[in-house]
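The whole structure should be built from the sequences, with the hints applied where relevant.
6 protein chains.
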Amino acid sequence: MTDKKVAVFRKESFNAAHRLNNSMWDTATNQKVFGKCNLPNYHGHNYDLIVKVIGMPDPKTGFVMDMKVLSDLIKEQVIERFDHKNLNLDTKEFKGLNPTAENIAMVIYDLLRSKIDEKLQMQVRLYETPRNFVEYPAVV
Amino acid sequence: MTDKKVAVFRKESFNAAHRLNNSMWDTATNQKVFGKCNLPNYHGHNYDLIVKVIGMPDPKTGFVMDMKVLSDLIKEQVIERFDHKNLNLDTKEFKGLNPTAENIAMVIYDLLRSKIDEKLQMQVRLYETPRNFVEYPAVV
Amino acid sequence: MTDKKVAVFRKESFNAAHRLNNSMWDTATNQKVFGKCNLPNYHGHNYDLIVKVIGMPDPKTGFVMDMKVLSDLIKEQVIERFDHKNLNLDTKEFKGLNPTAENIAMVIYDLLRSKIDEKLQMQVRLYETPRNFVEYPAVV
Amino acid sequence: MTDKKVAVFRKESFNAAHRLNNSMWDTATNQKVFGKCNLPNYHGHNYDLIVKVIGMPDPKTGFVMDMKVLSDLIKEQVIERFDHKNLNLDTKEFKGLNPTAENIAMVIYDLLRSKIDEKLQMQVRLYETPRNFVEYPAVV
Amino acid sequence: MTDKKVAVFRKESFNAAHRLNNSMWDTATNQKVFGKCNLPNYHGHNYDLIVKVIGMPDPKTGFVMDMKVLSDLIKEQVIERFDHKNLNLDTKEFKGLNPTAENIAMVIYDLLRSKIDEKLQMQVRLYETPRNFVEYPAVV
Amino acid sequence: MTDKKVAVFRKESFNAAHRLNNSMWDTATNQKVFGKCNLPNYHGHNYDLIVKVIGMPDPKTGFVMDMKVLSDLIKEQVIERFDHKNLNLDTKEFKGLNPTAENIAMVIYDLLRSKIDEKLQMQVRLYETPRNFVEYPAVV
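Protein chains in written order, with this note's numbering: chain W, 1 to 140; chain S, 141 to 280; chain X, 281 to 420; chain A, 421 to 560; chain Y, 561 to 700; chain F, 701 to 840.
These are calculated hints, taken from the structure and not from any lab test. Positions of the beta carbon are idealized from the N, C-alpha and C atoms, including for glycine. Heads up, a few of these hints could be off.
[Unchecked claim] The calculated lysine-lysine pairs, modelled on DSBU-like cross-linking and capped at a C-alpha distance of 35 Å, are: (1) A:Lys472 x Y:Lys635; (2) W:Lys95 x W:Lys32; (3) X:Lys332 x Y:Lys612; (4) X:Lys395 x X:Lys372; (5) X:Lys372 x Y:Lys564; (6) Y:Lys596 x Y:Lys620; (7) Y:Lys596 x W:Lys32; (8) F:Lys752 x S:Lys259; (9) S:Lys208 x S:Lys145; (10) X:Lys372 x W:Lys36; (11) W:Lys75 x W:Lys60; (12) S:Lys232 x S:Lys255.
[Stated by the list, open to error] Cβ-to-Cβ under 10 Å is the rule here; a few derived chain A residues that face chain W: (13) Ser433; (14) Phe434; (15) Asn435; (16) Ala437; (17) Arg439; (18) Asn441; (19) Pro460; (20) Asn461; (21) His463; (22) Asn508; (23) Leu509; (24) Thr549; (25) Pro550.
Dropping the structure here:
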């Protein structure tokens with residue numbers, strides 16, 4: 001029916017604690033750069049995650065990708081791993097990596113990318129709050 | 141004032157019933173592939189449609205396209221056709237085409253594309269639910 | 281800590297088809313009263329349901345009611361019953377009852393009321409669309 | 421112009437970490453009752469707070485209460501105290517009190533109640549997530 | 561089916577300009593009390609209006625009130641009157657009345673109250689912004 | 701960690717009055733082209749602005765750009781300038797320029813572009829209402 005690709009999007013959510021800190025820096029520098037996001041005992045967010053998958057719809061199903069399969073994959077790879085966790089303390093992904101929205105989005109992309117057919121392109125959008133969000137990789 | 145294009149977006153909504161089914165397949169295969177979306181007596185959605193139109197603003201009006209004209213066009217071509225309908229039973233567009241979000245978005249694109257100045261680029265985004273949505277054609 | 285009651289709210293969603301029709305009336309009357317909501321092949325909605333439960337928080341847990349328990353109850357009693365169904369054809373609750381938002385809300389209230397501790401007060405809010413919604417019982 | 425009261429509402433937001441735990445119980449009981457909300461290293465939320473104030477509008481201003489004054493009061497009493505904090509570790513209010521949504525709403529009510537003219541009635545609504553929220557005191 | 565009342569809600573929107581000013585006061589007092597809302601050349605809002613109507617559902621229709629009738633009434637009485645208008649300059653309702661959200665809600669209530677069956681109770685909620693809104697009459 | 705760019709987004713809001721008018725045209729032409737948006741005494745909107753900045757995250761901070769810095773820049777350059785103003789009468793930017801959403805987005809882009817590191821790409825999205833919005837420059 002078409003020779004152009006379609007993008008499909010699935011939204012999931014998780015709640016996690018984090019703090020921003022660069023362990024190579026002293027406390028004063030961390031406080032100056034990260035402000036209240038550096039407070040020592042963590043704060044947290046309701047993260048909303050939107051995963052975008054691009055491809056040609058299968059003519060038999062009309063699906064680029066079965067949204068139930070995509071939802072289950074996000075739950076298995078992302079939500080189980082990060083929901084109700086402390087990103088800094090409870091996850092190996094952020095042991096040596098500052099859990100900024102940018103870095104969380106890149107980690108999630110990598111977790112999902114290897115599980116999704118490489119013929120399909122992928123992008124993730126992550127809302128830290130309704131007013132702060134990121135996309136990876138950026139469309140330029 | 142600028143040599144770069146502007147995108148304008150108009151959001152409209154419609155409510156419709158549908159079921160997912162491939163008439164070339166037997167019942168068991170349809171149930172396996174489409175799950176509860178294959179249930180025989182239909183279910184339904186509040187579809188949110190966002191139409192994006194890209195072009196240079198007219199220096200006399202400051203408009204890429206008059207949003208009232210775009211809104212009226214969407215109502216005439218899409219909302220009148222699909223609102224409060226059963227997509228499988230009541231529309232010629234989905235007589236032989238599975239009404240997945242991907243296919244509905246492509247049908248809507250085709251309905252609008254021929255009515256909008258060809259100098260303007262177009263894209264549609266269709267929300268089946270707040271957590272499942274599609275875009276056509278995908279930006280790659 | 282307090283002698284005043286607290287209300288807790290849990291939101292769940294389901295997608296269903298329906299049409300409005302009074303089987304005691306002829307077709308012309310049904311079309312006149314219910315307009316496009318009476319179209320014969322059904323249309324559908326993403327219904328958002330908010331269940332409100334009022335009581336004193338348990339001093340040991342700080343909970344009026346465990347939201348996981350409330351969520352599971354709503355899923356078992358309401359979502360399993362109505363999600364991806366045709367309310368007119370697939371459910372015994374609406375065999376002889378017009379599935380207006382008012383009636384759906386009353387049916388849901390009755391389904392949940394008997395399963396929730398009678399010391400707790402209850403109310404349901406049901407969104408048929410973001411612009412049309414109902415509450416039962418009304419606070420007057 | 422009227423002899424009936426008007427309610428005014430102001431919405432503010434804060435991001436915090438917490439965990440649910442009853443220090444009188446052993447670990448197994450806490451895990452059983454609070455599930456993943458009991459995980460030891462905390463998780464977090466974007467809390468949305470809506471404060472409702474009820475009274476007669478001042479005929480000179482047309483205000484029940486100046487929303488700028490109400491917003492500043494919420495920021496001073498609630499946002500400064502809880503934003504980017506760990507509710508369990510960083511606040512005296514939840515030292516011996518389980519930070520459930522119910523308890524947070526009651527604490528916020530008490531913090532604001534003493535600062536707002538006693539002729540005005542007050543209620544708070546607190547969203548822990550878009551699907552879980554509470555109101556205090558409940559209207560019964 | 562029930563002996564309890566049901567509330568039905570209809571949401572509509574309008575866009576208007578206004579400024580807050582008490583013509584009995586001098587400029588300095590107005591600026592002090594109303595701040596930037598007093599700026600002389602007006603500012604504006606996308607107002608969202610939710611009208612609530614409470615009553616017993618008609619057993620023949622399942623409706624408390626036909627939402628199409630309610631929507632048409634709001635458009636005729638409120639939207640036509642205020643949409644794309646300057647509330648201070650273009651409307652007789654706010655000639656001598658400060659267009660605060662409180663006062664706009666009361667005016668809208670009065671415009672609708674006389675047109676709706678007196679057996680039905682009514683309330684209006686008006687959003688000036690997503691963070692500032694009012695209800696009239698308040699439930700106390 | 702990556703060789704691909706990340707986009708970060710910050711949302712801010714302002715409330716303003718405007719009317720659409722081309723001073724080179726007579727009244728009848730303006731009324732015909734701009735309809736109720738041309739009404740002489742202005743109307744207004746709650747404008748939501750989303751600024752997108754694209755670049756490589758700094759490996760020391762994990763930030764493409766500090767969102768606090770971006771938020772402060774938007775407030776200083778855009779919100780202070782336009783919030784609670786009449787765009788036609790109170791701003792030099794729209795003295796000879798019709799304040800359509802397209803033109804407002806282009807003006808905001810220019811105000812911010814010169815203040816943000818030229819290595820970073822930029823785009824703005826402006827919501828005039830939840831149903832009408834624009835993006836500049838468009839991705840084509």
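Against the structure, the hints come out as follows:
Taken as a hint, the Lys472 (chain A) and Lys635 (chain Y) pair is honoured in the structure, with Cα atoms around 28 Å apart against an allowance of 35 Å. A hinted pair counts as satisfied when its Cα atoms are at most 35 Å apart, and Lys95 (chain W) with Lys32 (chain W) qualifies at roughly 22 Å. Proposed proximity of Lys332 (chain X) and Lys612 (chain Y) is supported: the alpha carbons are some 18 Å apart, at most 35 Å. Our distance criterion of 35 Å between C-alpha atoms is met by Lys395 (chain X) and Lys372 (chain X), whose separation comes to about 19 Å.
Restraint check for Lys372 (chain X) and Lys564 (chain Y): satisfied, since their Cα atoms lie roughly 23 Å apart, inside the 35 Å limit. Annotation: proposed proximity of Lys596 (chain Y) to Lys620 (chain Y) is violated, straight-line Cα distance about 52 Å (limit 35 Å). Between Lys596 (chain Y) and Lys32 (chain W), the direct Cα distance comes to roughly 33 Å. Compliance with the 35 Å bound is thereby established for this hinted pair. Distance hint between Lys752 (chain F) and Lys259 (chain S) is fulfilled; the C-alpha atoms sit about 26 Å from each other, no more than 35 Å.
In summary, the hint linking Lys208 (chain S) to Lys145 (chain S) is supported, as the alpha carbons are separated by about 20 Å, within the 35 Å threshold. Straight-line distance between C-alpha atoms of Lys372 (chain X) and Lys36 (chain W) comes to about 55 Å, which puts the hinted pair past the 35 Å bound. A threshold of 35 Å between alpha carbons decides the hint, and for Lys75 (chain W) with Lys60 (chain W) the separation of about 26 Å falls inside it, so the pair holds. For the hint linking Lys232 (chain S) to Lys255 (chain S), the alpha-carbon distance of about 19 Å falls within 35 Å, and the restraint holds.
For Ser433 (chain A), the interface hint holds, since its Cβ comes within 10 Å of a Cβ in chain W; the closest pair sits about 7 Å apart. Proximity of Phe434 (chain A) to chain W holds as hinted, the smallest CB-CB distance being about 9 Å (cut-off 10 Å). A distance limit of 10 Å between C-beta atoms decides the matter here; for Asn435 (chain A) the minimum to chain W is near 5 Å, and the interface restraint holds. Residue-level restraint check for Ala437 (chain A) holds (minimum Cβ-Cβ distance to chain W is 4 Å; threshold 10 Å).
Here the hint on Arg439 (chain A) is kept, as its CB sits about 9 Å from the closest CB of chain W, short of 10 Å. Evaluation of the Asn441 (chain A) hint against chain W yields a violated restraint, the C-beta minimum of about 13 Å exceeding 10 Å. Satisfaction of the interface hint for Pro460 (chain A) is found here, the shortest Cβ-Cβ separation to chain W being roughly 9 Å, below the 10 Å cut-off. For Asn461 (chain A), the interface hint holds, since its Cβ comes within 10 Å of a Cβ in chain W; the closest pair sits about 4 Å apart.
Residue-level restraint check for His463 (chain A) holds (minimum Cβ-Cβ distance to chain W is 4 Å; threshold 10 Å). With a least beta-carbon distance of about 8 Å to chain W, the hint placing Asn508 (chain A) at the interface is held under the 10 Å criterion. Satisfaction of the interface hint for Leu509 (chain A) is found here, the shortest Cβ-Cβ separation to chain W being roughly 4 Å, below the 10 Å cut-off. Contact between Thr549 (chain A) and chain W, as hinted, is supported at the beta carbon level, the nearest pair being about 5 Å apart and thus within 10 Å.
Look at Pro550 (chain A): its Cβ gets to within about 8 Å of chain W, closer than 10 Å, so that hint holds up.
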